Amino acid sequence: MYKIASLFALAVLLAAQGASAQTLKTVKDRGALNCGANGTLAGFGLPDAQGAWTGLDVDFCRAVAAAIFDDPNKVKFVALTAKDRFTALQSGEVDVLARNTTWTSSRDTSLGLNFTGVNYYDGQGFLVRKSLKVNSALELNGASVCVQQGTTTELNLADYFRASKMTLKTVTFATANEAVKAYDAGRCDAYTTDASGLYSERLRLASAGDHIILPEIISKEPLGPAVRHGDDQWFDVVKWVHFAMVNAEELGITQKNVGEMLKSDNPEIKRLLGTEGAFGEQLGLTKDWVVRIVGKVGNYGEIFEKNVGQGSPMKIARGLNGLWNKGGLQYAPPVR
Amino acid sequence: MTMSEGDLAVAKIAFVRDTVIDPRKPPISMTGPWAWLRERLLSTPFNVVMTILVGALLAWVGYELARFLLIDAVWTGVDRDACREEVQQRAIGACWPFVWERLNYFTYGSYPISERWRVDIFFAMLAFGVVWLLSLNAPRRDLGAAYFFIIVPVTSFILLSGWEAIGLRTVDTSLWGGVLVTIVVASVGIVVSLPLGILLALGRRSDMPAVRMASIVFIEFVRGVPLVTVLFMASVMLPLFVPEHLSPDKLVRALVGIALFASAYMAEVVRAGLQSMPKGQYEGAMAVGLGYWQMMRLIILPQALKVTIPNIVNTYIGLFKDTTLVFIVGIFDLLRTIEVSRIDPKWAAPVTSTTGYAVAAIFYLVFCYAMSRYARVTEERLAKSDKR
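As given, the protein sequences belong to chains A and B, one line each in that order.
For the first sequence, position 200 (counting from the first letter as 1) is numbered 199 according to numbering that gives the first Met the number 0, and the numbering increases by one without interruption.
For the second sequence, position 136 (counting from the first letter as 1) is numbered 135 according to numbering that gives the first Met the number 0, and the numbering increases by one without interruption.
Mixed in with the good hints there might be a few duds.
What the hints assert, rightly or not - Coverage of chain B stretches by chain A, computed from C-beta distances (three or more under 8 angstroms per stretch; other residues unrestricted): (1) 108–120; (2) 172–178; (3) 340–347.
Said to hold, decoys possible - Chain A stretches covered by chain B per the calculated footprint, using a threshold of three residues with CB under 8 angstroms from any CB of chain B: (4) 33–41; (5) 46–59; (6) 72–81; (7) 196–206; (8) 308–321.
Stated by the list, open to error - Derived lysine-lysine pairs resembling DSS-like cross-links, with alpha carbons at most 25 angstroms apart: (9) LYS129/A <-> LYS345/B; (10) LYS278/B <-> LYS305/B; (11) LYS75/A <-> LYS305/A; (12) LYS286/A <-> LYS269/A; (13) LYS180/A <-> LYS132/A; (14) LYS27/A <-> LYS295/A; (15) LYS314/A <-> LYS345/B; (16) LYS82/A <-> LYS320/B; (17) LYS129/A <-> LYS314/A; (18) LYS219/A <-> LYS82/A; (19) LYS305/B <-> LYS320/B; (20) LYS345/B <-> LYS180/A; (21) LYS278/B <-> LYS305/A; (22) LYS129/A <-> LYS180/A; (23) LYS295/A <-> LYS305/A.
Quick caveat, the hints were computed from the structure, so don't treat them as lab data.
Keep in mind it's a predicted model, so treat the numbers as computed, not measured.
Each residue gets a CB set at the ideal place from its N, CA and C atoms; glycine is no exception.
Please model the complete structure; the sequences and the hints are all you need to start from.
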């Protein structure tokens, strides 16, 4: 009786192991990570002049590849549109979806996704002319606003104006490109989309210096990578790659000094870099997984500044994406 | 020596001319550019007005184009500042340094830089094959056909996707892009659709019910569904039914979709040609004892295809432009690479998008116009036999 029970338990354990270890094993066997990316969003996923992919989401996938293979280039990027991104993840065409996807309850539940964290806190904002002398979105009463048709942006806009008891005149366009052109030509007082988009669209205007982005953010758009339901080990791996990058920034570990940091006496750094404990092995990776991530790709702050921050033409301030102890929202559980 | 000639020479009459007068020039209003102008452009007051209006429109469009593409264009620069009015303090036209920097990306997409010579060889092989096959006085055009339809596809496939055994690194099709993808998709579509379309057209007119029904169902089904839907189904639905490692490559899915789609349209074009053949041609062929395939190959198809050349080329031109739809499947064809590049914040300026689209327009115009010119020349050559 005891024997049968233990055999049964073993079988269940093996089955569970088999199911959960699948994605990591598949990726290792394949020798490359399949990453669903955007391909047409500056700062998040966009091929450069040499055809190499760049962006915050792209570097996140590189970090996952670095943690697994010690080589950030073992990634195959699959360009996905907003329509086919979830199918691609569900069908197994991609292992991880890093395509500026907003974390919402319905996506987390009924679509069968697991969001692994938030790598960019975005939200809808307003772009206005300086000459309008408006310093707050609450002063936009009666303004005409250019907006892209059929998006949540359009709905948020109407909600915000109604809640603030202001009158609104929306001017809608089929594409973001047209909406920006119309705003630039003076057809509306303001243009609205996600704040990260406002920064890159502003560069396209005839005189970029004459426009400001208002401080109000009227919606919550937490963007993050996602994986499929039903593979907890893979979920953990992808989740902790993000946490490791945030922790590395918090502890001052950068791409440059990661070698010296290996000699550090700080117990937190020792645990993170694997000179103490076996936290990487618990994830199914190697002891030096964070050394690989930070050494090959960088910490969270570094990839932020390189892709959307001061190192890029977009020059977005850290804001909500700063570390928790510097006034932002980026907070990672400790490695221990 | 005849009598009359001798008589004339003897009796020299003063008032009879012995040489022919040069014909007088026609009145200036009947020949030359002036006559052409009068007859074609200024024949009635209404036509005078129309000529002036259209002339003004052409001059305006031509000037604006030249102004944007050449006169006000920016030729050198390293980033967006070179193409912005507020920095340069002058009117800005096309931003060519942006195109120049992105030219390799437009041509090869993300194809690994160290392997791009393989793409160059592919372009050269293809161009050589096209010239060999299309120029009428080239030697051994039968060899040319074998080269174009067998050697080029096989070597291109090995060359472009790689074969580790002979030391060519494998290059995943997700890295292909730009003109490379546009040309690959268009040439596969063009090369496959004509033979397949002819077979389908013959099938549709066949006496065998099974063949006829199969052809009709295929043609009507494919023509009844938009290409976008076919591609979208192939990219989104197929992976749900087939395990990941069994589902074909994205580019292959698109190639198959486009080739089948073009074949269905081509079948209808060819069928129109077949139906225009008088019954006597079929009967005559049968009367001299030709079998079905001989009759088709020697008598019917050469005449039917000649009639349909304008329509075939029309289908080709449509197909060439339809290749841009592969972006639905996440493939970076030329238009998509331009679309991606114009978003690059490094070159963000009001004129960047327009410049990118101008490049796309010029590319498609050149290729489609070349196709249409070649078709015209072929048509005229074949029409000579009718005029005899």
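List of violated hint numbers, smallest to largest: 21
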